[in-house]
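Novice: Protein chains in written order, with my numbering: chain A, 1 to 480; chain B, 1 to 440; chain C, 1 to 263.
This list has only true hints and no planted wrong ones.
Taking lysine to aspartate or glutamate pairs in the DMTMM-like style, the calculated list, with each CA pair at most 20 Å apart, reads:
#1 B:K196 to B:D252
#2 A:K453 to C:D152
#3 C:K173 to C:D222
#4 C:K238 to C:E31
#5 A:K73 to B:E335
#6 A:K415 to B:D382
#7 A:K345 to A:E417
#8 A:K351 to B:E380
#9 B:K47 to A:D176
#10 A:K378 to B:E380
#11 A:K71 to B:E364
#12 B:K371 to A:D428
#13 A:K71 to B:E49
#14 A:K38 to A:D26
#15 C:K7 to C:D29
#16 A:K469 to A:E458
I should point out that these hints are in silico values taken from the structure, not numbers from a laboratory.
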Amino acid sequence: MSEKDELRELADREYEYGFVTDVESDALPPGLDETTIKEISRLKCEPEWLLEFRLKAYRHWITMTDPSWAKVKRNTIDYQQIIYYSAPKAKKSIDSLDEVDPELLETFEKLGISLDEQKRLSGVAVDAVFDSVSVVTTFSDKLADLGIIFGSFSDAVNKHPELVRKYLGSVVPYTDNFFAALNAAVFSDGSFCYIPAGVKCPMELSTYFRINAAGTGQFERTLIVAEERSTVSYLEGCTAPMRDENQLHAAVVELVALEEATIKYSTIQNWYPGDSEGVGGIYNFVTKRGMCKGDRSKISWTQVETGSAVTWKYPSCVLLGDESVGEFYSVALTNNMQQADTGTKMVHIGKRTTSTIISKGISAGRGQNTYRGLVDVKKGAEGARNFSQCDSMLLGDRCGAHTFPYIEVRNPTAKVEHEATTSKIGEDQIFYCNQRGISTEDAISMIVNGFCKEVFSELPMEFAVEAQKLLAVSLEGSVG
Amino acid sequence: MATDAIDAWTDPVSTHSQGFQDEVLALKQRRADAVDKFAQVGFPGRKHEEWRYTPLKSIASGPCSALLERSGSLLDRELLPVDAERVARIVIDNGEYRDDLSDLSAVSDHVQVQSLASMRREHPEQLSEHLARSFPADDHPFHCLSDALLDDGVFIGVAPMSDVDGEVAAIHIIHYLDGSKGPGSAHTTGLLHIAKGARIRLIEEIHCQGEVLGNIRWGVDLAEGSDVHRIRAFRSGCASIFHGSRVIQQQDSRFEDVFTCAGADLVRNEIHVLHEGSGCHAELLGAYVACGSEHIDNHTTLDHLVEDCTSREVYRGVLSGRSRGVFSGMIHVHEGAQRTDAVQSNDTILLSGAAEADSRPRLEIYADDVKCTHGATVGELDEDALFYLRSRGISLGQARRMLVRAFISEILVATGSEVLSDFIIEELQQAIDVAEEASS
Amino acid sequence: MSGKKEKQMLEIKGLHASVEGTEILKGLDLEVGAGEVHAIMGPNGSGKSTLANVLAGREEYQVDSGTVKYNGLDLLELAADERACEGIFMAFQYPVSIPGISNAYFLRTALNALRRYRDESEIDAVDFLELVRSRMELVGMDQKLLQRAVNDGFSGGEKKRNEILQMAVLDPKLSILDETDSGLDIDALRVVAAGVNALRTEDRSFIIVTHYQRLLDHIVPDRVHVLSGGRIVRSGGKDLALELEKEGYSWLEADDAKAGSGA
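Given the sequences, and given the hints that come with them, work out the whole structure.
Specialist: Okay, here's the thing in structure tokens:
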């Protein structure tokens, strides 16, 4: 079999996580108005202040227009056709894993996520979110002993309203952008995480998101607060069934790091990318922002983006505290008709703040990959430092790789450096590897992994391996 | 946003444009379209992505919406030292091509120079064709103004040289923008057509007095294997200048541009290069200095349309006071433009706490076998280098001076003339010295 | 002379090959026995590199007709990586660089691919390092180059040594050296030759493609062939190389009519 046939065959392999789980769900009818929002709030038994927050966001959202500045082509979204709330039918309350619908457990098993604490590697606690609702959280008792709160957002609203109220919208206000406003109005669930002062979280915290029901949008909200001198590493993963429609995922993630706290947030995004002709797939329009509020605090974003039809996200850091540190490590891969417009914003406000941006974009098929990043050094940011490296790799001659950095410096003591390169995998490189006995597929995977290694090395060990595999699978059929 | 412009500019533009009655249809149409377009778009505000960093408010409010008239006597300014070269001189006085002051004796017959006003009268169809090719209709406010108010400027056509001595023809173009009789604007169109295998060297300088807006655009057409080397000096004390070039290159041609600016209230410097034939090279270099509340805004676009072309861009700025320097570059490698090799870099030194640098070196790539790199740095003078110099007994002030000079000198080498390079460096240096003194 | 060969490793018969529609090899015949060293010489453009690339399985080189038997296998049926796994090694004239992949990682991946092919277990990191270190000494290569990206920023000499190092580690049966001597100074040339000589055994064969005789001062061939116009026009013992060195290739033109008769 020739190189090309082999690759073509691999390319025809389908998205592995495209199955649909048959669970009964409670869903609101499609459409959005104040009644929908009141209904979501009622279903979730929310306090009055939260309903107010939602309504204010909604009233702001209807004054805004769907933005169009990103370098992506997409269908217009009919916001009245989306189901804003869908939850697996719950048995009154879930006290142990035995009471969770076995279909759901099986779904997560299939995704390689065991929710059974016994079987689970002891190093990771998981909060599983299915459609709009958090299904189960593992290890929460063990974490509670340390004073760590980790669980669903709804739970936190009821059990720790003072914390949620204090930080909700403090990093990403509902006025921030169109999708953040929409999320604030209709968000259904998500994860909440609080690390008390001085505590180093002993295990990886992880949320696994799954969109299942047709016609639904997923609007989860994640809030992580790290008190002084605390440390946490958090990972999110996501998949969705294969459907011909475009489903909207518009999440908001807010991180708050107080003095000397460190938050490491890793994402392995594998939403359904649509088929090879660009039909279906998730629109992944996410607002992620971290606030380095305290001095010497640190927020580090690592993302491996291989899924979604359209990705549009800029995990950002507001470096408010003196000597705070922001990092952004990204691998974004677009194959077939996928489009990604992703990057970061590093806003330097505090003195001697530093930021590092390492972005690796891989374009294959007819995929379009755009890095868009802002480095903004404000007047008071004495001695701020930024280093950005944005590399693109093109596989094939029908894809695109674009780099749009924005550098704005208002302090003369700042030092900002930006570098970018573009490369490809040459036929001669593949032949060289072939001649040494390495198959074409392995050669591509090896070269791409080499290209991404600075980012993978930032991921927790276990997930770095997963990321490499994911990349190899997503690349299949891209050269030939 | 546009309302100011509509009040202050639309009527004068419309009135002026009606001053050209008996024109050929094509030119008339172009003028009318531009008037309409300008009335629609006006001067864009900061929400417009391409104008995000350019403050047009003061221009839009309209003090310069009147047209400047021929000045009585030319400004008394020291010109660039080009005497060493065999050089022709063209004088453009408040937008008017001055036949009486221009001197073309130094160039031989292979260079054809004609004022745009006379071309407009004598060969309107030809002019209209050139304009259509060099400046396709768009909603750029300054292009609209140029079209709506098209009056004078210069056409330069260069045939391959038959001279035995092989010396490259050089033309020195001097723009005077004199607002001493009252504020106003001048709109000048230049056309440069280089025939197959021909070469030319252009040295363009701009002098301002008073509150003026200079709107200068060039349509440059390089035939196969031709070569243009252009030096532009925005001399100290410039007011508001828009300077735009659209450069179309055919196979194996070479375009080199060295832009220098010794300070101006507001500069928007735009170059758009299109590589239509393979084997082209474009070199875009810039050195600029801004002080006080000056604003220098550079926009370069390189359209690599076909395979095997190369480009190199280096823009360097030194900013002091509350000035602002902008670099917005775009390298666009189109589908099929394989083996493109493009380099883009922008370095800025901030000398003061209130200065601001914005840099957007962008790449848009649709071909896989390409080499594209870009880089941007912003910062103070290198402390290690400063220390090194001081440890050898050089004073801090002197050391700073030396490093700034070295920083801009690297660009000026490309002028190809030591005399010219030294002169310009000295002028840039003086602008910095004045600013540094004022701040200390 | 070749009649008494007991074991034939490579047998090329009537090989025609073209690149982008231009025929380069025009009926080439060649036999290489196990343990033999054959030198292929000839003027520029005679098809020497084409032969090397066809044997290694480069896709741009189109085989139009003819057969190539390698240890009883139909070589032309195999993909490039399968050929490598079967023991064919090509030392490239211009080794490509692969940024981002360390030399050590690359070599280990290749070695393990070969071992998997032979149903052997993968080599562990310690054994691998030991093996590579010992082979690096053999070719006089700086250990630091192991951690550098494959051929990235290597000097010409370093690249060629790296090819020989890979050969020494991968332990091929048939090595094809494509103009390995070009651009090498005499010291590097000696190192390359010493590497090859150290690997000479009864069951390893070499095809050395070269324009000049000087490499053959250090690697003494069993047979020398002259390639011209896409065919082998003359074959002989090691003295033929010396003869060529003296006479150059100009006699080929005169001999053109008789081309092929010497093979």
